[in-house]
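Peer 1: Chains as they are written, first to last, in our numbering: chain A, 1 to 488; chain B, 1 to 224.
None of these hints come from the bench; they were simulated from the model.
Just so you know, not all the hints are guaranteed correct.
[To be verified] Here chain A is said to cover these stretches of chain B; the calculated rule only asks that three of the stretch's residues, wherever they fall, bring their Cβ under 8 Å from a Cβ of chain A: (1) 162–172; (2) 197–211.
[Stated by the list, open to error] Taking lysine to aspartate or glutamate and the EDC-like style, the derived pairs with C-alpha atoms no more than 20 Å apart in a straight line are: (3) A/K212 <-> A/D201; (4) B/K223 <-> A/D364; (5) B/K223 <-> A/E302.
[To be verified] To give an idea of the interface, some chain B residues facing chain A are shown, with a C-beta separation under 7 Å as derived from the structure: (6) P99; (7) V115; (8) S119; (9) Q120; (10) M181; (11) V185; (12) D192; (13) L219; (14) L222.
Cβ atoms here follow ideal geometry from the backbone N, Cα and C, with glycine treated the same way.
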Amino acid sequence: MAWLAPLLLAAPLAGVACALLGRSAWTPRVLLAAAAVELAAAVALVARVLAAGPFTAANGWLHADALSALLAAAIAGVTLPCAWYGTHYMAYVVRRDDTDARWAPGRYEAILLALLACMLLAVSANNLGLMWIAIEGGTLASALLVGYYRRPGAVEAAWKYLVLASVGIALALLATVLLYYSAGRVFGEGGRALQWTQLRDAARALDPRFVKLAFLFALAGYGAKAGLAPMHSWLPDAYSQAPTPVAAIMSTALLATSLSALLRFFAVTAGCTGAAWPGGLFAIFGALSIVLAVPFLLVQGEYKRLLAYSSIEHAGLVTLAIGFGTPLAIFGGLLHLFVQSFAKSLAFLLAGTLGRGAHSRRMDHFGGVLEASPALGTLLVVAGIGLVGLPPAGTFVSEWLSLAGGFASRHGTAARLALVALVVVFLGLAFHWSRMVLGRPREGFADPLPRGSHAPLWALAGAVLVLGVFLPGPVRSLIEQASKVVRP
Amino acid sequence: MNFPLPDWLPRSNTVNLLAGAFLLSALYAAAQRRLLAAVTAYRWNSVALGLLAATVALATGARHIAVAAALVFAGKAFAIPALLARAARRGEGDTVDEPFMGVPAAMLACGALVVVAFSQTRALFGEGETILASCLPVSVAATLVGLFVMVSRRRALMQVIGLVIVENAIFLAAVSLTFGMPLVVEMGVLLDLLAGVALLGLFVGRIEETQGDSDTTRLRTLKG
C-alpha cells in the first residue's frame, strides 16, 4: 500500500487544493508539483515491481504488476509535460480573454487532476468494478474538459463524446456483471469474484460462454472509449475541440487507460478459452481501425483532426499486435503503446503553438514553420517521424517488432494489410508535413507563447528519439514482464 | 446448449409482476412525445427496479442488496428524475419531441425488439423457474428499447432518458444474475451515474444556449 499511496493520493489532494485556491499564482504550480510527484511515484512503483514482483494491496482492491507500472509511468510521463506546457498555453488563452473560455479560476487544474487521479486508479485497480468506476469517472472529467470552450463546436463534441462514451461504459458494466456472474459460480458471492488476480488464476474454471459474452461487451464498451473502429466517431470531434493540453492527454494517457481495461479482459478470456478467440477479435478490430483511419488521414485538412485519426490508427496497431499473440508482437504492441504516447502528445502540443500562432486550425495555413522558427520546425519534424514510425524514432522499433511478430503468427494477412496501410500513412503524412515544415512562412506567424513553453516539448522529443536508439534495461524488462501479464 | 440456471431464488408472482412493470414503464417512455411524461415513465421504471431489488433482499436476507435497493430509490427514483425534470423545465419547457418515427410505428418496432429479446434469451439460457427466467429477458428487452429511444429521438434530453433506461436494465441484469455486486462497487456505480446525468443535463443546457433549442440533429457542424 505504501508504494501505491502517493500515486493514488497526490492528484486528488492537489485537485482539492486547486479548487480551493482559485485564482492564484499557486494554482498552476500545485498542478505541476502534483504531476511531478505522480511521475516520481510511478517511477518508484516501476522500481518496486521490477525488484520484488507484483503485489496486491488494500485488501485486494488494488494490484500493481508490470502492466500497471508501465501504464502508470506512461500516464504520469505524458501528463507532466502536457500540464507544464498547459500552464503557458492556458495562461495565454485566459490572458487573450477568449470570449469562449469563461471557466472559474482553478477549475481547469482541479478537473485535470481529477482525470489524472481516475486514470492512475484505473490502471492500479484489482477489482474490476473499481476499475469501471475509475474509468467512468475519467470519462466524466474529460468530457467536462472537452467542453471547456463554450462555442457550438465544442458543445457538440462534448455531447457526442459523453453520449457515446456513456453507452460504451454501460456495455462495459454489463461485461463486468457477466464476468462476476461466471466467477460467482466458482468463488461464491463476495468481492473476491470481481478481483482480477482471482479471475486470472481461476480462468480455466469459468464458464466459457459467459466469459466470451463478457469479452464481447468489454470490447464494444472499452473499445469505444479507446477509439477502436467502428466505435470511433466521437474521437476526432472531441480531440479537435478540446483545449490542446487536454487533447494531448486524452489521446495518450486516457487511450492507454482504456486499452489497459481491454487487456485485463483479454488476459482472463485468453486463460479461459485459449488466446485464439479473443486474439482473433483483437486482430479484426485492430486491422479495421488502421484501415479505416487511412483515407481520413490522407484527405485531412485540419491538423488536430489528422492527429485524431492517427490516434485511431495507433490504437488499432496496439490492439492488432496483441491480437497477433506471438511474444514478439505483444512486446512490440506494449512498447508502441508506451512510445507513441510521447510522439502523439508532442504532436498535439505543437498544435497549440502553431494554431494560435497562425490563427488557424488548417495545415495549409501552417507553411514554412522551419524558416519562421527553427526550434518549432525541428520539433514538428520529430513529431512527424514519431507518428509515422521512421528511424530514429522509438515508434519505428515498436511498429517493426509488432509487424515482425505478426508475420510469424496465424494472422499473416492482417500483418501484410497493416504494413501496406502504414506505408500509405507514411506517404500521406510526408505530404502534409512537407507543406507545413518547408516553404515560405505565413505572414504574421509568430510563436505566441513564451520560450519556456518549448522545454516540455524538447523533453518529449528527447524521449521519442532516445527510445528509438536505446531501450533502457529496466524499461525492457518491465515491458517483457507486462507481456507475460497480458498473455501468461 | 441450454445452461442450467442457478436455483438461488425461485420466480414468484411478485417478481413477475415487478419485471412486467419494469418493461411496461420502459415501453411507456418509448411511446411518449412529451419530455416530462417520459421522465415520469423513467421514475416508475426505477421504482419497479428498486422494488425488485428489495424483493431479492427480503428473499435472500443479504444486507448489501437492501442497501443497494435503498440507493436505487434515492438515486434513480428521486435524484435523477428530479435532475432531468429540472433540465426539461429550465430549457424549452415541456416541449413535444418530433421523433423520426411515428408513435404507432415506434411501438411496433419496440414490440419486435421485445419478442427478439425474449426468444434469444430463452435460446441462450433456456427455460427456468428462477428469478433469472423472469428478469433476464426483461433486462435485455429494456436495454434494446432504451437504445431505440436513443436513436429515434431528436431532443437531447430524450436521448438521456434512453441512456438511463439502458443503465436501469443493466442494473436489473446485475441484480438478477448476481444478486448485486459488492456494496462499495454498487455505490460507486450509482455515484458515477448520478454525476453523469448531472453532466448530461449541463450539456443539454449548453446546447440550448448555443443553438436555441436542443435538437441534436442540428449538431452536425463537425465532419471529416
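Peer 1: Are the Cα positions of B/K223 and A/E302 separated by 20 Å at most?
Peer 2: Holds: B/K223 and A/E302 sit about 11 Å apart, inside 20 Å.
Peer 1: Going straight from one Cα to the other, do B/K223 and A/D364 come out at no more than 20 Å?
Peer 2: Distance of about 18 Å is within 20 Å: holds.
Peer 1: When I compare C-beta atoms, does the stretch 162–172 of chain B have three or more residues closer than 8 Å to chain A?
Peer 2: It holds: at least three residues are needed, and the stretch 162–172 of chain B offers 4 whose Cβ sits within less than 8 Å of chain A.
Peer 1: Tell me if B/Q120 is really an interface residue toward chain A, meaning its C-beta lies closer than 7 Å to one of theirs.
Peer 2: violated, 12 Å
Peer 1: Once the shortest beta carbon distance from B/S119 to chain A is found, is it less than 7 Å?
Peer 2: With Cβ-Cβ at 17 Å, over 7 Å, it is violated.
Peer 1: Does B/M181 meet its interface restraint, that is, does its C-beta lie within less than 7 Å of any C-beta in chain A?
Peer 2: holds, 6 Å
Peer 1: Given B/V185 was flagged as interface, is its beta-carbon under 7 Å from a beta-carbon of chain A?
Peer 2: OK, holds: B/V185 within 7 Å of chain A, min 3 Å.
Peer 1: Measure nothing beyond the straight line between the CA atoms of A/K212 and A/D201; if it is 20 Å or shorter, mark the hint as holding.
Peer 2: holds, 17 Å
Peer 1: Was the hint right that B/V115 lines chain A, CB cutoff 7 Å?
Peer 2: Not OK, violated: B/V115 not within 7 Å of chain A, min 21 Å.
Peer 1: Does B/D192 hold up as a contact with chain A if the rule is Cβ-Cβ below 7 Å?
Peer 2: holds, 4 Å
Peer 1: Could you check if B/L219 really has its C-beta closer than 7 Å to a C-beta on chain A?
Peer 2: Interface hint status for B/L219: holds (4 Å vs cutoff 7 Å).
Peer 1: Quick check on the hint: B/L222 CB to chain A CB, less than 7 Å?
Peer 2: Hint holds; B/L222 Cβ to chain A Cβ min 4 Å, cut 7 Å.
When each numbered hint is compared with the structure, violations occur for hints 6, 7, 8, 9.
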